[in-house]
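Residue numbers (the numbering used here), protein chains in the order written: chain S, 191 to 709; chain C, -9 to 532.
Incorrect hints may appear among the rest.
[What the hints assert, rightly or not] Straight-line C-alpha distance at most 30 Å; calculated DSS-like pairs for lysine-lysine:
#, chain 1, residue 1, chain 2, residue 2
1, S, Lys295, S, Lys208
2, C, Lys96, S, Lys196
3, S, Lys196, C, Lys360
4, S, Lys208, C, Lys96
5, S, Lys239, C, Lys437
6, C, Lys360, S, Lys204
7, C, Lys87, C, Lys196
8, C, Lys213, C, Lys325
9, C, Lys355, C, Lys187
10, C, Lys394, S, Lys570
11, S, Lys567, S, Lys239
12, C, Lys394, S, Lys239
13, S, Lys488, S, Lys541
14, S, Lys652, C, Lys394
15, S, Lys652, C, Lys433
16, S, Lys652, S, Lys239
17, S, Lys192, C, Lys356
18, C, Lys432, S, Lys652
19, S, Lys196, S, Lys349
20, S, Lys541, S, Lys487
21, S, Lys487, S, Lys289
22, C, Lys432, S, Lys236
23, S, Lys236, C, Lys433
24, S, Lys295, S, Lys464
25, C, Lys355, S, Lys192
26, S, Lys294, S, Lys401
27, C, Lys266, S, Lys236
28, S, Lys208, S, Lys289
29, S, Lys541, S, Lys391
30, S, Lys567, C, Lys394
31, C, Lys437, C, Lys394
32, C, Lys187, C, Lys286
33, C, Lys437, S, Lys236
34, C, Lys360, S, Lys192
35, S, Lys204, C, Lys96
36, S, Lys239, C, Lys325
37, S, Lys239, C, Lys432
38, S, Lys236, S, Lys701
39, S, Lys197, S, Lys401
40, S, Lys394, S, Lys294
Simulated from the structure, these hints should not be mistaken for lab results.
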Amino acid sequence: MKEFLKKLNLLPDKTDLKAWLISFGIINFAFLYHTLNFMWGNHDVKFIKEELLLSSGLFEGRFTQFIPYRLLTSGQILPILNNLLGFAFLTIGLWILAKYWNIKKSLIGYVLFISFVATQPYTLSWMYFTFITISCLLWTLLAALGLFISERINASHHKLGLCCLAILCFYLTLGGYPPIINMFFVCLGGKIIICYVFEQKSLKQLFHIHKFTILNIIIAAILFKISLFILNPNNVYNLETESLNNLPHKFIQTISISFKQFFITVPFMEIGYKLCLAIMSFIAIIGTLFIPSKATKKILILCFWIGTIWATALTTFLVVPHTEYVSRIDFYGFGFLYALVAGILLTLTPKIYQSFGVIIIAFLLCLNILNDYQALKIWKQGHDAEFQILDNVVERIENHPQFDANHQYRFYQVGDISLRPNYYNGSFEFNDVFLLTIPYLAMWQGSNLLEFYTLTTYIDHKLPLLPEDITPEVYDFFMHKAQPWPHPNSVYVNQDIIIIVYNQIGLDDFKNILRTLRP
Amino acid sequence: MLELKQDINKIKTGNYLWIVPLIILCISFSPLLFNFIWGNHDWLPLIQDNHLTSGLIEGRFSQYLLLKLLLMGKILPILNIIIGFFFYSLSLYCLGKYYFKFQPTKLSTVLYTSAAASLPYIIEILYFHFITLSLLSWTFIITLSLIATQKATEKSFIPWEICGFALLYIALGGYPGCINMYVTAVCCRLIQLRIVKQLSYTQLSKHILAHAINLILALGLLKITFDYLQQNHLMMNMYNSQAASPIELIQKLPTIIQAGIIGFTETQPFLSISLKEVLSIIFIIFLISVFTQTFKTRKNMGDILLILILILGLLISLKFSAWLISNNTDNAFAKLDPSTSMVRTDFYSYPILILFCLYFIQEQKKQILKNISFICAVFLLLTNINTNLNFSKIHLLGFNAENKLLERIINRLENHPQYLTNNLYTIIQAGEIPLRPQYYQKKPNEKYGYYTLNTPYSRHWIAFEYYNFYAPQNFVQEGTSIKPEEITPEMITFLSTQMTPWPHPYSVYVDDKYAIIALTPEGKELLRNQFKLLHLSPQLRR
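Put together the whole structure using the sequences plus the hints.
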């Protein structure tokens, strides 16, 4: 193993180990409040109580998503360890990326690079859902490893073995979360820029070195598609890909989207912060353009940059659902573009760039930590507030004169309540639901949530509301008397059903459903 | 000054390694460290300080000694557990280095001590906050006692022997179950001395004598102390402090040896089959190593017999406390939490044995055995961290769920039309609801798990402790019985006809003296039957 790592140039030396340790400490500090307060998202409710199975992600085609959980925690979502393992993988993944990009090696440079990239608020989006935190942070490690190995294939005698290993890395990550493809191409684009600018490689040489990377990614993508075909997952929204006819139009659209990302603000990434990142990116890009003397080379570098920036929106280009400005997608895309500019600044000559890089990255690292803590404070407040409402709802149901704990009820939650935004006073242009607005008390999780802390199980989870449940009395109640929580008429209980009304929009929708059932 | 310098140099050469198991323990139980969760006996001790005499009722005269010395008798979040972990990890480290005198590599020291320290036997110790610190710290006191006794065999017999005896006596006075650690460690050491160090019978008997004197003296004095406390009505004659008679000891011997072996296979909540399999593999490799070496170096029957006796002694030592105490199968706790399967007493034996086995195998020549045990230790460590975190998560969720239920019950009481704000009630809580099992994926064939999983955070007989805990003023008084002269017609109607389990509207009854809460169907039936007896008994009615 040691020899293998040595051959791959992946055997960490003392500086690397120190960089790991310090960066891991900084990352953990940035998200400490989350690590110490066990909070879980609305997809996690059932999994927290039970366990994750290998097959849990199959319905949406994520066939490798829970392999890390089964191997590392026996399928349990464990407080503390969930974050610790995830951050450990992210730290090592970013270290491999630093080596892949040949970022100038120094303790401070590596520490700043790894810590800055890992603490960007994009990472928060993988912490809302605890059931995928470990996997989705591990994918960064595997993707970086796949890229690193692919680059080494050309100079190695064991081409087939390394190809298989790289394909496996890409395939596992695609099977776990397909938008990782953004990271493949952003990092590859970054590598090409670095090779062209710093190592003075010709286009032919670049193709010669990186042909295996492209080949491996394509083979992994084909295998991924074949796997999906065999597994035949449900026709869920996140598997819808664009038709070939739409791609030219989408191409133009995604160019605009990819560049807008520099300035579009989302929760916890406000305009000042985004401007700092944009300035850092601009200086890095300009810095690379100054290195070659020939104009053609400068134009080529610019093209590489445009291509890399466009690759940050690759998923948006390929799929039907709107994935632009979504932090969990951008974690694998635009987040790595910022990583690239940080890496380039730490490597650029003259030294003034490097000094500037150290200062601005250190400053941005502080901003990252501030943003993360602000987000986590708001998450905790929102989490507590929403669960307090859940407690009150449970109490209201238990105290209802019609309620019998020994009975099995069909349950429906009308609307939901999202309280995190109540504690946030920042401004943003695009609302990223995962960072702020998605509720803990999601409508579709109502039955699991209701029974999370109760002593008896009184919800029939197999049957939703039936048309015959909408008796004239029920119809009349919801058309004329029902009001959102905390009104006394927000909870309805009869001998068969329990319905909770959380908000007016949900109630209006429910009334429309009732009208179709009893016109 | 020179000594201090030498000490610092010693730390530099590896004595700091005990910090690693401490860190691993802290990470494994971090949800408990950073979320203040307490057991069902802790409600009152959390508010009031623990006095030195608080443990006398069950003969535990030194139970609060360390808590009083280190934390002024207070149960403090983080500190309570972390100090306990500190002493526990230090004790295992010292045991390996200064008692067994192994000389492993740094990696082996870290790995083996961490794997043994994090074994999930510790989870039961962490349920009750009021004894966590002391139960964990006795391991260190016993280690000191063992080291002192060993010193007695080398020089200054009497002073070191007295020192060893005094330390053992103090530890046993805090929790007699920790005797297992002493006996297990001694058995391990004797095997090591005979097989590895190849000590002669005379030298070996010197060691046996030194340890046996201490043990007999400490146990004898403990018995005298118990008798004295009982004679002065300071101690109750409880199920867990009754010693077995000599005949009973002989009768129980096969059962205890069997229990020692079953301990390697019997699964309990959080002590899964995979964990037990790894423990068994380590123990089997250890036995193979012992017998291989015995046959290699000595071939006479006497030696083989001695090793067999020591192995049998080792198996007895694993359940030594269960062997010493009298069988009291009538007691409800004994059925739910039998002494031969008690996780908290196993905590004092199995981690010691596993630590010894791992070190012992590491010093063998056969590389294959060393490799297997190394892999087992790695696997053990990872499994332990997972299990401990899972325990912590379930502890946290169960505690929250039961507290939420408690809040709803109190709300119902406070909103009851008969409830008077300034009144003092006797609460009759019919039934208990442990909610931790709701969050645990029970595996087939798992037995017991009384304190690790199934006990509730609120016990009906100390209802006043937790109902008053968050109240602005005490509204519940001590006591759980209904006085016959205070039975009202409304109470009769409620108890005999209306009472329905929680959360039914008729699950709560309030008058000006009593609040009755029917929590479970079983509790309701029990209360109804008790009430019938009480109400119909002419003597009581008079």
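Flag every earlier hint the structure violates by its number, smallest first. Hint check: nothing fails, all pass.
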